[in-house]
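Asks: Full structure from sequences and hints, please.
The listed protein sequences derive, respectively, from chains G and P. Quick note on my numbering: the first sequence kicks off at 53 and runs consecutively. Quick note on my numbering: the second sequence kicks off at 25 and runs consecutively.
Simulated from the structure, these hints should not be mistaken for laboratory data. It is possible that some hints are incorrect.
[Stated by the list, open to error] Straight-line distance between alpha carbons at most 35 Å, and here's what the computed DSBU-like set of lysine-lysine pairs gives:
id : chain 1 : residue 1 : chain 2 : residue 2
1  : P       : K180      : P       : K62
2  : G       : K215      : P       : K401
3  : G       : K80       : P       : K401
4  : G       : K124      : P       : K81
5  : G       : K215      : P       : K465
6  : P       : K401      : G       : K82
7  : G       : K77       : P       : K401
8  : P       : K438      : G       : K124
9  : P       : K465      : G       : K80
[As the list claims (entries may be wrong)] Pulled from the structure, derived: some chain P residues nowhere near chain G, Cβ distances all over 10 Å:
id : residue
10 : F51
11 : S59
12 : T160
13 : I163
14 : V174
15 : A208
16 : Q229
17 : L310
18 : G387
19 : K401
20 : V447
21 : M464
[Said to hold, decoys possible] Covered stretches of chain P, as calculated for chain G (at least 3 residues, CB under 8 Å):
id : region
22 : 70–80
23 : 255–267
24 : 277–286
Glycine included, C-beta positions come from ideal geometry on N, C-alpha and C.
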Amino acid sequence: MNLNIALGILLLPAASAIICGLFGKYLKEKTGWVATGAMLGTLAITAILWGLWIVDSQGNSGYVPWGFEWIKVGGFSIEAKFWVDELTLIMLTFVSLVGSMVFIYANGYMHGDPGTPRFFAYFSLFATAMFLLVLGANFPMLFIGWEGVGLCSYLLIGYYFDKDFDGKITCADAGRKAFITNRVGDFGFLLGMLFVLYFFGTLDFHQLFKDGGAVAGFLGENGTAMGWVFTAIALLLFIGATGKSAQIPLYIWLPDAMAGPTPVSALIHAATMVTAGVYMVARCNVFYWLSPEAMTIVAIIGALTAFVAASIGITQRDIKKVLAYSTVSQLGYMFLACGVGAFSVAIFHVFTHAFFKGCLFLCAGSVIHALHHEQDMTKMGGLKSEMPRTYWTYLISTLAISGIFPFAGFFSKDEILLNTYLVDLNIGKTLWLIGVATALMTAFYMFRSVYLTFHGKFRGSEEKWMHVEESPNVMTIPLIILAIGATTAGLLGLPAWFPALPQHILPHFLDHGVTLQGQHLAEQFGMSAIERHHISHSTELGLAVFSLLVAVGGWALAYFVYAKNYPALPEKLRNNLRPLWNLSWNLWYYNMFCMKGVCGGLMALYRFILAIDQHIVDGVVNGAGRVAQAVGGELREMQNGSVQAYAVWVLVGANIVMLFLVFAL
Amino acid sequence: MQMPHIIWPQWLPFLIPLIGGIGVLLFDVFSNPESSRKACPAGAVATCLLALIALYKVFADVAAAPAYLPAEYPVFMISQFSRDCIGIILLGAALLLTLSPRGIAGKNIRAGEYYGLFLLSVLGMMLMAASVELLTLFICLELASLSIYVLIGIEKSNANSGEAALKYFVLGSFASAFLIFGAAFFYGHARTTFLISESHQLVIQGIAPYIALGLILVGLAFKLALAPFHLYAPEVYDGAPTPVSALLATGIKVAGFCVLAQALVELRRWDALDQGATWALVLLALASVIIGNCVALVQRRIKRLLAYSSIAHSGYLLLGIVVLSDVAQVGTPQLALTAISVYLLAYTLMNVVSFGVASSLGGRFEEELSNYAGLAKSHPFMAAALTVSLISLTGLPPTVGFIGKFYVFAEAAKTSYIFAVAVAVVFSVLSAFYYLNIVMKMYMQEQEEGAPGVERTLACDVALGVSMALILLLGIAPGLLFWMM
Numbered sequence: 053m054n055l056n057i058a059l060g061i062l063l064l065p066a067a068s069a070i071i072c073g074l075f076g077k078y079l080k081e082k083t084g085w086v087a088t089g090a091m092l093g094t095l096a097i098t099a100i101l102w103g104l105w106i107v108d109s110q111g112n113s114g115y116v117p118w119g120f121e122w123i124k125v126g127g128f129s130i131e132a133k134f135w136v137d138e139l140t141l142i143m144l145t146f147v148s149l150v151g152s153m154v155f156i157y158a159n160g161y162m163h164g165d166p167g168t169p170r171f172f173a174y175f176s177l178f179a180t181a182m183f184l185l186v187l188g189a190n191f192p193m194l195f196i197g198w199e200g201v202g203l204c205s206y207l208l209i210g211y212y213f214d215k216d217f218d219g220k221i222t223c224a225d226a227g228r229k230a231f232i233t234n235r236v237g238d239f240g241f242l243l244g245m246l247f248v249l250y251f252f253g254t255l256d257f258h259q260l261f262k263d264g265g266a267v268a269g270f271l272g273e274n275g276t277a278m279g280w281v282f283t284a285i286a287l288l289l290f291i292g293a294t295g296k297s298a299q300i301p302l303y304i305w306l307p308d309a310m311a312g313p314t315p316v317s318a319l320i321h322a323a324t325m326v327t328a329g330v331y332m333v334a335r336c337n338v339f340y341w342l343s344p345e346a347m348t349i350v351a352i353i354g355a356l357t358a359f360v361a362a363s364i365g366i367t368q369r370d371i372k373k374v375l376a377y378s379t380v381s382q383l384g385y386m387f388l389a390c391g392v393g394a395f396s397v398a399i400f401h402v403f404t405h406a407f408f409k410g411c412l413f414l415c416a417g418s419v420i421h422a423l424h425h426e427q428d429m430t431k432m433g434g435l436k437s438e439m440p441r442t443y444w445t446y447l448i449s450t451l452a453i454s455g456i457f458p459f460a461g462f463f464s465k466d467e468i469l470l471n472t473y474l475v476d477l478n479i480g481k482t483l484w485l486i487g488v489a490t491a492l493m494t495a496f497y498m499f500r501s502v503y504l505t506f507h508g509k510f511r512g513s514e515e516k517w518m519h520v521e522e523s524p525n526v527m528t529i530p531l532i533i534l535a536i537g538a539t540t541a542g543l544l545g546l547p548a549w550f551p552a553l554p555q556h557i558l559p560h561f562l563d564h565g566v567t568l569q570g571q572h573l574a575e576q577f578g579m580s581a582i583e584r585h586h587i588s589h590s591t592e593l594g595l596a597v598f599s600l601l602v603a604v605g606g607w608a609l610a611y612f613v614y615a616k617n618y619p620a621l622p623e624k625l626r627n628n629l630r631p632l633w634n635l636s637w638n639l640w641y642y643n644m645f646c647m648k649g650v651c652g653g654l655m656a657l658y659r660f661i662l663a664i665d666q667h668i669v670d671g672v673v674n675g676a677g678r679v680a681q682a683v684g685g686e687l688r689e690m691q692n693g694s695v696q697a698y699a700v701w702v703l704v705g706a707n708i709v710m711l712f713l714v715f716a717l
Numbered sequence: 025m026q027m028p029h030i031i032w033p034q035w036l037p038f039l040i041p042l043i044g045g046i047g048v049l050l051f052d053v054f055s056n057p058e059s060s061r062k063a064c065p066a067g068a069v070a071t072c073l074l075a076l077i078a079l080y081k082v083f084a085d086v087a088a089a090p091a092y093l094p095a096e097y098p099v100f101m102i103s104q105f106s107r108d109c110i111g112i113i114l115l116g117a118a119l120l121l122t123l124s125p126r127g128i129a130g131k132n133i134r135a136g137e138y139y140g141l142f143l144l145s146v147l148g149m150m151l152m153a154a155s156v157e158l159l160t161l162f163i164c165l166e167l168a169s170l171s172i173y174v175l176i177g178i179e180k181s182n183a184n185s186g187e188a189a190l191k192y193f194v195l196g197s198f199a200s201a202f203l204i205f206g207a208a209f210f211y212g213h214a215r216t217t218f219l220i221s222e223s224h225q226l227v228i229q230g231i232a233p234y235i236a237l238g239l240i241l242v243g244l245a246f247k248l249a250l251a252p253f254h255l256y257a258p259e260v261y262d263g264a265p266t267p268v269s270a271l272l273a274t275g276i277k278v279a280g281f282c283v284l285a286q287a288l289v290e291l292r293r294w295d296a297l298d299q300g301a302t303w304a305l306v307l308l309a310l311a312s313v314i315i316g317n318c319v320a321l322v323q324r325r326i327k328r329l330l331a332y333s334s335i336a337h338s339g340y341l342l343l344g345i346v347v348l349s350d351v352a353q354v355g356t357p358q359l360a361l362t363a364i365s366v367y368l369l370a371y372t373l374m375n376v377v378s379f380g381v382a383s384s385l386g387g388r389f390e391e392e393l394s395n396y397a398g399l400a401k402s403h404p405f406m407a408a409a410l411t412v413s414l415i416s417l418t419g420l421p422p423t424v425g426f427i428g429k430f431y432v433f434a435e436a437a438k439t440s441y442i443f444a445v446a447v448a449v450v451f452s453v454l455s456a457f458y459y460l461n462i463v464m465k466m467y468m469q470e471q472e473e474g475a476p477g478v479e480r481t482l483a484c485d486v487a488l489g490v491s492m493a494l495i496l497l498l499g500i501a502p503g504l505l506f507w508m509m
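Replies: This is how it looks when you write it as structure tokens:
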């Protein structure tokens, strides 16, 4: 058995997408089980890949043997090739695991919806594209997956294309917004790719990054003189990442992406697709390591995004929007980790985040399902008694995301904060403070959502309360499994001060293979890379306790405001802190700026171009068409049906040919 | 003269269609019409597929050095390029034969005659593509043409069919006269009838050989329907049974381009070409592109439109051929030959589908374009197939038509005749008007009231499905082309 089995991970969901798409009419809701079966198959194959990895004493990464030359133009060729290494395995693991859970859950959630086959066809197609993104051995393969997930995201956000989303825009608009915003990022990504091809001559990750590969060769030739190349590539690729992973300035699409069905929000807009940017940056860590400037920018953008999104999350009323902003905020943490050179920790946070954020969204879905599509938290409350499973899993995930010991988020987030604290940068401590402040807000708004949704009295209509009941097993069992993950995933990255158990398993695993490639190169060629201070384990422990206290503080504050003194105190706070509240509620006015400023400007430009197009370009095109038609009408006269005339034309042609040949004009 | 020693396996790819063709003819004589209607097409398709397999088995390694047949008097040469051309002819023929039972149904045509002649004309095209000696070339061309003259007029009850056959016969003979006259001139001055030969060098001096080459070019240009020798094409395509029109548009052109390309490669190898020859080719190409596209714009009948479209495509292909004759070019012509063979494959597949849809639907769908309104609703599969082939003909991704056009234009742009490429690109944009007009009709207009539906047959679905899949697959993963060829 060899790595070719990894192709199954691509083929199973692809087959499922085709089956659900073509035979959905006959299979109806059975498509759900087809898709779920395919997804469980990918989980099994991932397990086999792990088995192979462990059995293989070398433990080496490698190409999947099967592959073909996809496009060839002269000396340049793009190959359809796939690659498995440490980073791929980690990504495959949580995508297939969380994916399987969400697929199972979706069977319950989509029950009774006439569009189910369409949903599962898109969902399977998404899985195919996501796996392609992760398995691709070169930039073009990654890019196809990248665009593929973007397309599926668009299709699924607009799944309820005939419905309104939040009164302001329709679901179809939300889909378009996501797609167009991503296109802006893709522009940067494509440019970055072209830069890579131009300077290094290959787009294959292994050829680029391996010891003695294209980047090393480039460094050997040019030394540090061409450092700007790395900064340019790193920043261009990062623009792509800000689009896909919803960072400043392109984060505006993600909250609106909540227009899709909730399983979509859980899988695509929380656990997997949005982490593609982090994956890509980690995959290309070499470019970042070689450009401390680019890394600093990544860190700053990450920290700012984390802070801004968390501050917006505090006032939102729609439960899914709270979670959406919390996703943006957590993604900010991940990029902060990348920016301070802790790529493996970023992926570790991606990993733990997939579990607790997937779980949170699915719980929200369960609540929304029970309340017949009510998403406003001010119309919920007291659901704890009626939906115990949903409540407990939501609570566990909230503990995890808030960073309460010993849940998964505590370990991964703490590791990010620690690395930020240690980084040898002027603004390192500032970034750390922003991170801590974000942690405080995270605990606050997450527990706010717990108390508003599950505690107190129900604030909705009597009729709705009558129908509230726990979701069926098909929905709650995935919740429980994900909650277990949210509790235990932290074991894979225990900090250095933790006694007895093996520490840093997952980060070390990644550092061994992928995420330190760039640092080695930088050392080898004597380039300045970002460095970190060292501190004792007891200081580390002290920092961990501090961030735990901060999280508990946020929790206590939320309890005080939203459990003890609801609704009087929140009302009072809102009135007294009006400017701050407005800023948060109105999304820092950034959305408005985008709509009025950017889109307005573009619309003006569009009208100008339209005028040119209608009057000048169309005129030329239509004119050309008319001329051609007139010419055609005349030339048709040659076709008069008379054989003799045709023979004469043959003679005319022959004479012309002879003239040219003989007299060599 | 000593009888040439024949090595049997090398002839196998050519013997199979010969035996198959005669076999089908004889089978029809000795069996009742009902069973021959079923058995003949099956046998014919199997013959083509067998020949295709044999071709690639026998000539598996011609890429290194071409094979000459027969060894003592090598009138045929199988190079990698000509092998691929023959393969394309056979693939196209197999697909068209699969489409034929539906295409000739209800037209009072005897199965044995039709399929037997079809196979024999395919054999003629195969041999023509391989021939490097002028007399052999002439004989093979006539074998293909004579069978096709009969096939065009095989629908005895249809006056148009008969008229088309007569016109093609008269004009075809006229063009053949040019070819044979050219061959005679060539022999008179070069003292050989071999255009390409392993053993001796071609010596060309003076004006006479150029006259000879010009006459031969005219003879071939007629078969390739290049303007201004194209005038027969619309009427003949319109009158002939649709699968035969498709064979005229694909097989014979593939063979003709193969001969032309190989001859030019050889002539350039001996420095026997000058600017004038290239200019003549450029001029023919541009005339075909311009006339083909402009007149296609004003056509109202589907097969006439496809005829003009195929004239335009001959023009694009000839631009690829120009690369081979451009004296300023250096290096091996391998890339240009690959580009041409990719285009020929693309061209064959998309014409098989577009003619195939017309023939599968039959009746009014072989006539006025307006009948295609609302086809997407009544026959979604046919509409999808036709759409794919029209998009491919327009040359848009993700279809093999785009890949072929891209390669040919990219090659041609390397020559000093880049203005010709520019003109071709502009007119290729223009072609979107009439190709996509049909798509628009099928998907956005309503069907006429009370139009009867058409029964689908499995064979047609399979042939169209396979071709459509190939068009898309090779368009998405063009790397497969090089793996196959």
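Asks: Next, verify each hint and record whether it holds.
Replies: Structure-based check of all given hints:
Between K180 (chain P) and K62 (chain P) the alpha-carbon distance is near 21 Å, which keeps this suggested pair within the 35 Å criterion. Of the pairs offered as hints, the one joining K215 (chain G) and K401 (chain P) holds, with about 27 Å between alpha carbons and a cut-off of 35 Å not exceeded. Using a Cα cut-off of 35 Å, the hinted pair K80 (chain G) and K401 (chain P) holds, with the two alpha carbons roughly 23 Å apart. Pair hint K124 (chain G) plus K81 (chain P) holds up; C-alpha atoms about 26 Å apart against a cutoff of 35 Å.
Between K215 (chain G) and K465 (chain P) the CA atoms are separated by roughly 31 Å; this keeps the pair inside 35 Å, and the hint holds. For a cut-off of 35 Å, the pair hint linking K401 (chain P) to K82 (chain G) stands: about 27 Å separates their Cα positions. A threshold of 35 Å between alpha carbons decides the hint, and for K77 (chain G) with K401 (chain P) the separation of about 17 Å falls inside it, so the pair holds. Of the pairs offered as hints, the one joining K438 (chain P) and K124 (chain G) holds, with about 17 Å between alpha carbons and a cut-off of 35 Å not exceeded.
The hinted pair formed by K465 (chain P) and K80 (chain G) meets the criterion: a straight-line CA distance of about 32 Å does not exceed 35 Å. Interface exclusion of F51 (chain P) from chain G stands, the closest Cβ pair being 37 Å apart, more than 10 Å. Separation of S59 (chain P) from chain G is adequate, the least Cβ-Cβ distance of about 37 Å exceeding the 10 Å criterion. With a least beta-carbon separation of about 23 Å from chain G, T160 (chain P) lies farther than 10 Å from that chain, consistent with its non-interface assignment.
Non-interface status of I163 (chain P) relative to chain G is upheld: no Cβ of that chain comes within 10 Å, the nearest being about 22 Å off. Every beta carbon of chain G lies more than 10 Å from that of V174 (chain P), the smallest distance being close to 19 Å; the non-interface claim holds. With a least beta-carbon separation of about 16 Å from chain G, A208 (chain P) lies farther than 10 Å from that chain, consistent with its non-interface assignment. Once the 10 Å rule is applied to beta carbons, Q229 (chain P) is consistent with being away from chain G; the minimum gap is 14 Å.
Even its closest Cβ contact with chain G, about 12 Å, leaves L310 (chain P) beyond 10 Å, as expected for a residue assigned away from the interface. Chain G leaves G387 (chain P) outside its interface by the beta-carbon criterion, the shortest separation being 24 Å against a cut-off of 10 Å. Non-interface call for K401 (chain P) relative to chain G: holds, since the shortest CB-CB distance, roughly 16 Å, exceeds 10 Å. The beta carbon of V447 (chain P) sits about 12 Å from the closest Cβ of chain G, which is more than 10 Å, so the claim that it is off the interface holds.
With a least beta-carbon separation of about 15 Å from chain G, M464 (chain P) lies farther than 10 Å from that chain, consistent with its non-interface assignment. Only when three residues or more bring their CB closer than 8 Å to a CB of chain G does the claim for the region 70–80 of chain P stand; here the count is 0, and the claim is violated. For the region 255–267 of chain P, the proposed coverage by chain G is satisfied: 4 residues have a C-beta within less than 8 Å of a C-beta in that chain, meeting the threshold of three. Residue count for the region 277–286 of chain P with a Cβ under 8 Å from a Cβ of chain G: 0. That is fewer than the three needed, and the coverage hint is violated.
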